[in-house]
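*Asks:* Chains as they are written, first to last, in the numbering used here: chain A, 1 to 353; chain B, 1001 to 1250.
The hints are simulated quantities; they were obtained by calculation from the structure and are not laboratory data. Even glycine gets a Cβ: it sits at the ideal position worked out from N, Cα and C. Treat the hints loosely; a few may be bogus.
[Claimed, not checked] Selected chain A positions facing chain B (Cβ under 8 Å, derived; list incomplete):
#: 1; residue: Val54
#: 2; residue: Ser58
#: 3; residue: Gly68
#: 4; residue: Ala69
#: 5; residue: Gln89
#: 6; residue: Glu90
#: 7; residue: Gln190
#: 8; residue: Lys194
#: 9; residue: Pro195
#: 10; residue: Leu198
#: 11; residue: Gly200
#: 12; residue: His208
#: 13; residue: Leu213
[Claimed, not checked] In silico BS3-like cross-links for lysine-lysine, where the CA-CA straight-line distance does not exceed 27 Å:
#: 14; chain 1: B; residue 1: Lys1242; chain 2: A; residue 2: Lys210
#: 15; chain 1: A; residue 1: Lys202; chain 2: B; residue 2: Lys1009
#: 16; chain 1: B; residue 1: Lys1242; chain 2: A; residue 2: Lys202
#: 17; chain 1: A; residue 1: Lys21; chain 2: A; residue 2: Lys5
#: 18; chain 1: A; residue 1: Lys194; chain 2: B; residue 2: Lys1242
#: 19; chain 1: A; residue 1: Lys10; chain 2: A; residue 2: Lys21
#: 20; chain 1: B; residue 1: Lys1229; chain 2: B; residue 2: Lys1200
#: 21; chain 1: A; residue 1: Lys229; chain 2: A; residue 2: Lys215
#: 22; chain 1: A; residue 1: Lys235; chain 2: A; residue 2: Lys268
#: 23; chain 1: A; residue 1: Lys194; chain 2: A; residue 2: Lys210
#: 24; chain 1: A; residue 1: Lys202; chain 2: B; residue 2: Lys1007
#: 25; chain 1: A; residue 1: Lys48; chain 2: B; residue 2: Lys1007
#: 26; chain 1: A; residue 1: Lys235; chain 2: A; residue 2: Lys215
#: 27; chain 1: A; residue 1: Lys300; chain 2: A; residue 2: Lys351
#: 28; chain 1: A; residue 1: Lys215; chain 2: A; residue 2: Lys268
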Amino acid sequence: MSSGKRILVKGNDAIGMGAIKAGCRFYFGYPITPQNEIPEFMSRELPKIGGEFVQAESELASINMVLGASALGVRSMTSSSSPGISLMQEGLSYMAGQELPAVVINVVRCGPGLGGIAASQGDYFQAVKGGGHGDYHLIVLAPASVQEMYDHTILAFDLADRYRNPAMVLADAILGQMQEPIVEREEEVQEPRKPWALTGAKGRPARHIKSLLLKEGELESHNRLLQEKYREVQKHEIRYNELEVEDAELVVAAFGTSARIARTAVSKARSEGLKVGLFRPVTLFPFPGERLRVLSARVKNFLVVEMNTGQMVEDVRLNVSGDASVFFYGRPGGAIPTPMEVYERIVKHYKEQ
Amino acid sequence: MKPVFSKPKALNDAVMHYCPGCGHGVVHRLVGEALDHFDILDRTVGVAPVGCAVLMYDYFNCDIIEAPHGRPPAVATGMKRSRPDLIIFAYQGDGDLASIGLAEIVHAANRGENVTVIFVNNTVYGMTGGQMAPTTLLGQQTTTSPYGRNLNTDGYPIRMAEMLATLEGTSYVARHAIDTPANILRARKSIFRAFEMQVKDMGFSFVELLTTCPTNWGMSSRESIRRIKEELIPYFPLGVFKEKEVADYI
Ligand code: SF4
């Protein structure tokens, strides 16, 4: 519980505050806009509390520094934005294969390529479908406020440790750059024991952490165990928010910044008597597909709003019942849908039903 | 009976998968002797490369992690920064260290990370079947330089020890060969010194070893040993290139 004292914080700083609260003392990162406040915050704060900040030579190096620290059982983190996260996919695949926890923050900007520094949700597929090589998943959280930037960073450390898997906070340039009041958590964060960590083989046999599994059948059974783990994550960790879906005839589905924009549009539609609700996935992996399936038994119209050309909409379509209509509205590459545009789509599709 | 020769405690009894005449076994043994000598086996974590030595965890009695290709110095950095009480060594081949991982080794060295890097240079990609390495000699035939390494198209072989010695951040840099008993003893001394630097918090230590890959050189073990002397050493001179007496750290 907290004292309730509200402080005004920038989204990227809230990430740093959450990480330190979660017990993270080791940060490795490389500059890239629009997340530079995170390494700047960590380089300022970590030395004061006995932590280490390393400005890596590249995102390839930062993710591998995280890999090394994580293998020793300590909480460590890196952050970047889209092009830098692409470089990290190698390390993320290794960590997923080696079952190493880690927290990676992606303050998404627009692409492809160098793209631009404005907010986007174009990295949804990369984040939730694996991203690197091999059959694996990250645990992916999608904050929609500065408070959630803080809370989700702490949650990401907990989930990463619980499932021995890298967890990603999928934010964007707007969430990283805006200021909002937050309430800091007061209760201590508990770190689990890590009996698998490399600590020097004192008084025990040597331990190895690897992902090369050459013995007959070994890799297949390792992959099956990983899938089993992802099913556990799906069973226990799905999180979502709903607003006025109970009597809704059309539900808008959106995550992160898009959900905030959609919320304004939904409120406007409601005030004009349209029965419209909002569904916001908080975990993108695990995706709250089951809840969408249940909702779609009654609601037959969904409008997915994203800051891309249609990524999460595929997961919505996969999960809703066959007779539901799924519409999409999105703007790619740094263009941001306005509440008015979303409202107009709501009205259009509401009437079509 | 008094034993006059035994295996280091740091190595287990597993039969190594390395080819007959391969230099990795010798280098493993020298590293193992250093871990025994400084009595650090139970607080050491090794970082394995991608390459023939990826399986080194099967042979050492210490904790070991497998790093992505070329990234051992970054992994070692993350480890040493978070647990400075542990001894961290990276073991890398020429493709791993001098090609795909060039940025990682140069920057770990330049930051003066207090870790030890053992660099096995056999002028060829071993595990993938004998392709051209950044250290492949001019004229040397490999599966991707079938007409011999050509300076016009492939550039020159990289001398890593010399390059790293120019960086202010390095504390100990040496190159040795494992072709003769005398050279092996020199290599042993340098590997010991490299671990000693780390134990004494002296900063980044690096030992390059010129070794054999009879399989991909298409030579017998004996011919391979001779090639080290006749072809490798003239291009990659042996010696200690740098040795700091006191640490830079304040
Ligand atoms: S391929 Fe070459 S380096 Fe690899 S084990 Fe065989 S001899 Fe050694």
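*Asks:* Could you run down the list of hints and mark each one as holding or not?
*Replies:* A quick look at each hint next to the structure:
no., hint, verdict
1, Val54, "holds (6 Å)"
2, Ser58, "holds (6 Å)"
3, Gly68, "holds (3 Å)"
4, Ala69, "holds (4 Å)"
5, Gln89, "violated (11 Å)"
6, Glu90, "holds (5 Å)"
7, Gln190, "violated (19 Å)"
8, Lys194, "violated (13 Å)"
9, Pro195, "violated (13 Å)"
10, Leu198, "holds (4 Å)"
11, Gly200, "holds (4 Å)"
12, His208, "holds (4 Å)"
13, Leu213, "violated (10 Å)"
14, Lys1242(B) x Lys210(A), "violated (34 Å)"
15, Lys202(A) x Lys1009(B), "holds (14 Å)"
16, Lys1242(B) x Lys202(A), "violated (33 Å)"
17, Lys21(A) x Lys5(A), "holds (16 Å)"
18, Lys194(A) x Lys1242(B), "violated (40 Å)"
19, Lys10(A) x Lys21(A), "holds (16 Å)"
20, Lys1229(B) x Lys1200(B), "violated (34 Å)"
21, Lys229(A) x Lys215(A), "holds (22 Å)"
22, Lys235(A) x Lys268(A), "violated (35 Å)"
23, Lys194(A) x Lys210(A), "holds (16 Å)"
24, Lys202(A) x Lys1007(B), "holds (20 Å)"
25, Lys48(A) x Lys1007(B), "violated (46 Å)"
26, Lys235(A) x Lys215(A), "violated (31 Å)"
27, Lys300(A) x Lys351(A), "holds (13 Å)"
28, Lys215(A) x Lys268(A), "violated (61 Å)"
The structure shown violates the earlier hints numbered 5, 7, 8, 9, 13, 14, 16, 18, 20, 22, 25, 26 and 28.
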